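Participant: Sequence:
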Amino acid sequence: MNTLPPADRAKFAAARAALSLVEPDMKLGLGTGSTANWFIRLLGERIRVDGIKLTAVATSDRTAALARSEGIDVIDLDEAGWLDLTIDGADEVDPDLNLIKGGGGAHLQEKIVATASDRMVVITDDSKLVATLGAFPLPVEVIPMGWKSTRAIIEEMLEQIDVSGREVTPRMDGAVPYRTDEGNHILDLHLERIGDPHRLSPLLNQVAGVVENGLFLGIADQVMVGYESGEAHLLEEGGVMRPVAFADGIDGRAFLKRVLNQV
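For the sequence shown, counting from 1, position 244 maps to 978 in our numbering; every step adds exactly one.
Cβ-Cβ distance ranges computed for the label pairs, FRET-style:
#: 1; residue 1: Glu916; residue 2: Ser883; range: 15 to 21 Å
#: 2; residue 1: Ser754; residue 2: Arg992; range: 17 to 23 Å
#: 3; residue 1: Gly972; residue 2: Asp852; range: 16 to 22 Å
Because the hints were derived from the structure by calculation, they are not lab data.
What you are looking at is a predicted structure, and each value in this text was computed from that prediction instead of being measured.
C-beta: ideal position from N, C-alpha, C; glycine also.
All chains should be built: construct the whole structure from the sequences, respecting the hints.
Facilitator: What follows is the structure, given as structure tokens:
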């Protein structure tokens with residue numbers, strides 16, 4: 735663990751703690767992002783160590799590629815039908831387990847997969863725990879046609895919303911607009927503080943041209959929180975926090991040595 739930077743130690747701890755939730759023959763949803771990547775690598779290691787069988791649905795092309803490289807059987811959501819559990823990261827988590835997601839540009843697929851699951855468990859480091867959502871820019875996926883008009887409508891709508899900032903910027907990939915796996919653009923809303931996310935979310939989705947926003951409200955069931963110390967706690971709605979022990983049968987040192995040598 736000490737070979738990792740502090741932030742990665744916390745992400746690794748959260749991801750490893752979530753392995754205890756995985757059971758043989760499950761159908762899993764796999765999230766996108768740096769913390770989800772740790773979970774996918776650990777899941778692949780557990781499959782190799784324990785020989786368990788399961789299938790997974792990925793929330794992005796890059797997640798699917800990583801999962802397959804780890805020996806995980808990846809199928810699409812229509813084939814899976816319904817999922818037992820989705821494990822995914824988050825950019826912000828409030829005390830009611832509401833989330834902002836989409837920093838990795840995959841919140842549309844992530845929301846579809848999470849809501850097609852019996853449970854969604856978030857894995858994150860403790861820096862993502864916030865009293866109020868909004869410091870992290872809220873991603874809104876929009877179709878390319880008329881995206882500037884869509885942005886103007888959103889900016890006008892925000893004048894009527896309880897937020898502390900109202901800047902809307904297109905996410906860029908170098909000199910060109912960022913493209914999601916679906917070929918759409920992302921607008922990042924720099925709101926600083928969202929007074930009423932339950933009002934904001936449906937209003938955003940009513941704007942013509944908006945595909946989906948990055949507010950995940952009432953979707954997460956639990957949050958696995960990792961710390962730089964290497965410990966992990968399970969956060970449940972209402973602020974109840976309890977420590978989690980690792981029970982995965984994985985040699986952590988050998989695993990990290992293998993992964994770090996691949997980077």
